[in-house]
Structures are given as C-alpha cells and as structure tokens.
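**Student:** Here are the chains, one letter per residue:
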Amino acid sequence: MSGHGGANPLARAGSWVADHAAALGEPVSIGLLCETAVDRLDVSGATLTVDPGSGWPETRYATDALGAGLAELQLTVGEGPCVDAERGGGPVLVTDLDAPGTQLRWPLFTPLAVDAGAHALFAFPLCVGAIRAGVLALHRAQAGSLEPAKLTDALALAGLALRLLLDEQADRRAGSADRADGLPLHDPQVHQATGMISGQLGVGMEEAFARLRARAFAGQRPLAELAADVVARRLRFEPTEDTT
Amino acid sequence: MNDHHEQRLARVFVELADTLVDDFDMLEFLSMLVERCVELLDVAAAGVVLSDHRGALRMAAASSEQARLVELFAVQTDDGPCLDCVRTGLPVYSANLAADEARWPRFAPAAVAAGFVATHAVPMRLRRNVIGALNLFKAEPNGVDPASVQLGQALADVATIGMLQQRAIDDNTVLVEQLQTALNSRVVIEQAKGVLSAHAGVDMDHAFTALRGYARSHNLRLSALAFTVANGTADLTAIMAGGERPARRAQR
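Residue numbers (my numbering), protein chains in the order written: chain A, -1 to 242; chain B, 9 to 260.
A portion of the hints provided could be inaccurate.
[Said to hold, decoys possible] Footprint (simulated), chain A over chain B, 3 or more residues, beta carbon under 8 Å: (1) 53 to 64; (2) 200 to 214.
[What the hints assert, rightly or not] DEER-style ranges, computed between Cβ atoms: (3) P220(A) to L228(B): 32 to 38 Å; (4) Q158(B) to E24(A): 54 to 60 Å; (5) G202(A) to R224(B): 40 to 46 Å; (6) F32(B) to D96(A): 43 to 49 Å; (7) L48(B) to V75(A): 45 to 51 Å.
Simulated from the structure, these hints should not be mistaken for lab results. Source: prediction; values computed, not measured. All C-beta atoms, glycine included, are put in the ideal place defined by N, C-alpha and C.
Put together the whole structure using the sequences plus the hints.
**Tutor:** Structure below.
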C-alpha cells in the first residue's frame, strides 16, 4: 500500500512543495502546500484549517471558494468530515457526499455541501497524539475515492503541513527545518517526554511539545536525545524558567 | 497439544474474527492479538508494527510496555526484522541475534540487551499489501519453534482479515482511516504515560500498567482514557491508585 516510485513519501512531498516554492521564488508556506496538493493529487481544491486553541477552527488557506465554503459550513452546522477527523485523530475519507450512509452520518452538512458543488471530501487531521494543530481537507466536484498512490501522497502532504504548523508553534521559520534532526515522531520517548513536560509545567500538550523543541534548538541537541534525558529524569522542566 | 489448549485456541480465533462491531477499535484489537500470542505461543514477547504510509513503521501494540521492548520497535525504523518483513512481504527470523549484528546494526544489539536471543517477524498481509508485521521474541536459544511460527502467522492472518472485513469495503479507505487513527492513538498513549509518570514519579511501564488497569476495571477504552489524561481532564490520582487497594490510596 505504501510505495510507488520507491522514494520516501514524505521526502517526495517535501520536494514537490520545495520545487513549487522555488519556481515561484517564494518561501515554503501552507498556501503553497495546498496549491501543490491540488496540482499533484487530482482534487478540485485544498483547504487548511488551524485550531488556534479556542476550539473554533480558522481557515488558514483555501485554494478555491468552495473549499473555504465547506470549512465555514462545518463550523456553522458543527458537524462534518473535518470535525470528525479533528475529534478522532484519524483521516475521514468520504468518497460520495451524496450517498445515503454519508447523509445519515452528517445530515446537516451533506445536503448543503452537495448543493455547493462538492461530491467527495477527504479530511486529514494534523495531529501528534493529543496535539491537534489543524485539518487538511481535499475536495472533489466528482464522487470517487482517492486512488491508493494519491492517498499515500495526501498523507505525506498532510504530514508536511503538520510539520509546518509545529514549526510555527515552536517559533521557527517554516522551511528552515534541519533535515538531520527532522521531527522524530516515530520515537515514543519524544511523546513520553512531551507528556512529562506537560505534567511538570502544568501546560497543554502543544505547549509542552513546543517547549521541548525550543530547548533542543537552543541547546543544539537532537530532539530524541533531549527527550531521552527527560524520560530518564536527567532533565526536568521547571515552571519558573524556560520561557523560550 | 491438549484439549484445554485447543479450546483456548479456538476461542482466540473466534475472538480475532469477531470484528463486526460498530465500535471497532484497531488499537484494542491489536493489543489483544499480541497478548494472545504471548499466552498461546512459546514466546517471551510480541508486538505489532504498522506501516504509517509515510515510509515509516510504527509500533501499534506490544505485549508489555517495558522501555526496552518499546525501544526495540522504535529502532526498527532503521533496521530490523519487521522492516525487512514489511519490505519483502516474507517472514524474517534470527535464531541467534548475537550473531546478527552486521545484519541489523541497531536492532540486534538492542534486542540482545533487552534479553532476547531469537526473533521472528511474520507479515500482516492484505491481498498484495503488507500493512505491518507481527514480531515474536524468544529469550531462550534455538529460535522460535516452527509450531509457534505457524500459529503466529495464522493469528496474524486472521487478525488482518478481521481488520478488513470489519466493514464490507472494496477499497482501502476504511483501513487507512483506522490505521492512521490507531497510530495516532498510540502517540496519545505515550503522551499519557508521560503525564502519569511525571505525576506519580513512576516509570513508563508502571504508568502504562496503571492506565490499562484503570481502563479495564472501568470498562473504558484505553485510547479514550489516554486522551483524557493527555488533555488534562482525567483524575490522575484515581488512575494511579489503580485496582490495588484503591480505598486506602484514595484517602491521601
């Protein structure tokens, strides 16, 4: 299921966005990422909403008016694939918004979405465990599933969008991520350390993760190494200091 | 194989096939798979890794959460039997991990340090797709015995089929939704372990045991409970008090 072309999907998605940015002479951004998604994934539009912590998602970028409208609509009626994706922490892939099962699941959202011209909607939550940074939504005017290779690419682009948002949260300039460190999200100790810092500082998981990253940048240390120190209790975050 | 064992085995196969429920939770399901492996097979530990669709393998469940075992799945992002197994779609094994350091420079020493002598990884395959691997570990020499390997593969097959039939689908949409959800829930559990560990001053294994014990005794889903711990809405003291003498601890 993984794999076409053999390359690491995340790296390939990264090079697409970087190429797109280079061609336009612009820095890598959420907007460019959405435009790249439309170019590469055979979808009508891409929309990225972020959760600023208030529980009310904000639309950061939409490649077309329909995408912006779908985000607005889900906010208004309080239901929809993006709402479920954000809540559940997994993608919600709706191949036919007009199907009876879909209408049953979101009775308020689906008729209005179809009226607006959307027939398929694929919502990818941008999350690290309990951290919910936002949702990348791809829509199509025609019903139908994302073919497996496109789905893999969509997941990779969502992974990239997540990294851009996390970089912002860690007060870093997008696109300047040091590839050597990357974000070792496969490392359980990074998440364990985030949980411990959350407890030590009495802050939410987003804030704890941003603090961990900031400390790693400041000390020029790999994130995984710092996380291991936290888990082994060689390093403790104190509420009074560390406002980086 | 005695009658009791056969009956137990039959029950487990039924349990693994019984996925046609509305509130199917892949993480709970895979946790059950690895626990049953350790009960039924002659192995010391078991775990499941899943492909995350982004070019990496992630641990979804392990028979224990001891740091050394969890670490064994984490290093398999770089090398190890699971990685080879998922790449080739074939079983991969080592009967003597100490002699396999050249083959798996990160995994083999970590496995030996964790006290394991032999390992066997079997693919979790859905038609042409390999979605992950079941990894068995043995602490005594001579490798994982053929009967355990066969049974392990059968359990992995039934589990994988169960995961797919769980909704009648002809594409991988639902599977991808569930895989990704399970992998994220796994991260929530790690975060929750950290919160509990900082709160109570215990190690990750103890934190997990308390979390799982509380979920079971209160009939809660592990992933749902972990989420409340991670977002700061759970009663940490009650969770750490656990099933043992909750009354005495509660007075503190």
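**Student:** Taking each numbered hint in turn, which are not upheld by the structure, reported in ascending numerical order?
**Tutor:** 5, 6
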